[in-house]
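**Student:** For the record, in the sequence shown the residue sitting at position 41 is 229 according to this note's numbering, with numbers rising by one throughout.
FYI, nobody ran anything at the bench for these hints, they're computed from the structure. Source: prediction; values computed, not measured. No incorrect hints appear here.
Distance windows between CB atoms, simulated:
#, residue 1, residue 2, range
1, 229, 326, 30 to 40 angstroms
2, 339, 464, 17 to 27 angstroms
3, 370, 299, 34 to 44 angstroms
4, 340, 420, 13 to 23 angstroms
5, 340, 245, 36 to 46 angstroms
In this text, a Cβ means the ideal position worked out from N, Cα and C, and glycines have one as well.
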Amino acid sequence: MTRFTFGRQARRLLVTVLLLVLSPLALSATWSVIAVDTRTGQVIIASATCVAQGRFSEGLLSKGLMDIQAIIVPGVGVAAAQAGVDRTRENQQLIYAELKKGTPPDRIIEMLSEDPRFDGRQFGIVDMQGRCAGHSGSGNGSASLAVADSIPAAGIYFSVQGNILASDDVVHLAVEAFKAVGGTMADRVMAAMEAADAEGGDRRCTCESEPIPDAPCDGKTSHVAYLLVANADDPEGESFNDGEWELFIDVTDENIRPDENANPVITLRMRYDRWKAGDSGHRGCLATGCLTPGLPVERPLLQASSPKGVPSSW
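Take the sequences, apply the hints, and build the full model.
**Tutor:** Printed below as a string of structure tokens:
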């Protein structure tokens with residue numbers, strides 16, 4: 189009897205584990221901006237999502253949004269993998285390897301289409317040759333799209349992609365803001381993030397959505413947001429996004445301070461402006477990991493442990 193009971197419990201545990209590995213997780217509802225400067229080799233990615241920070245380690249075996257989403261090759265290209273993201277990271281590794289080979293982004297998308305869960309995934313890829321490609325699977329629901337554009341006179345090429353958004357205008361207005369704002373490429377990316385946020389961003393998030401940081405809240409449309417800038421000569425790490433980058437600002441529901449804002453995009457702007465003003469050592473900032481200029485991005489506390497070849501979703 190004891191052996192039978194243990195066996196049944198073990199089988200139940202095995203079924204639960206398999207469901208976690210194989211079933212899509214509700215980490216869709218994300219928008220991102222990726223950009224390259226063909227004159228300098230700089231690449232930038234920024235993103236926000238209505239997924240609480242705690243969900244990344246619990247369900248995605250990840251340290252955070254950037255860790256599982258961003259593919260960064262300084263001087264070569266940048267990409268975002270979101271919606272039904274591959275928790276095994278095989279898709280991300282493929283994009284990284286092919287960018288380094290010089291494979292055209294549209295060809296990389298073709299290679300990714302062999303994934304049986306391709307219809308639930310979303311990608312944006314831009315390289316230093318000004319080539320852009322995107323994919324928004326039919327399984328990503330309404331207001332799911334990727335739009336690429338450029339500012340040829342400045343040598344800048346970029347793409348904005350999002351899913352489960354308040355409307356298609358979230359992406360379109362982000363594209364317009366990127367092109368309308370002057371300054372550095374990072375200034376343009378930050379403006380695009382703000383435009384998407386102002387238009388409603390992720391439609392699932394509000395100031396009443398838990399977890400609720402102990403801070404004022406204005407028009408919250410996400411739980412976490414980040415901005416990463418990599419210069420052409422920034423050292424790469426061991427994976428597709430763990431190098432020593434020029435700038436990495438990470439805002440989460442767990443590190444927002446009372447003097448900031450519960451809307452991560454607003455706090456992202458606050459921290460970005462402090463960094464631009466030369467105050468990257470603002471009290472409490474480095475301690476919470478919100479600013480890490482010139483410092484390596486650590487690998488996730490939990491590495492992906494899904495069986496090889498078994499895609500997972502977020």
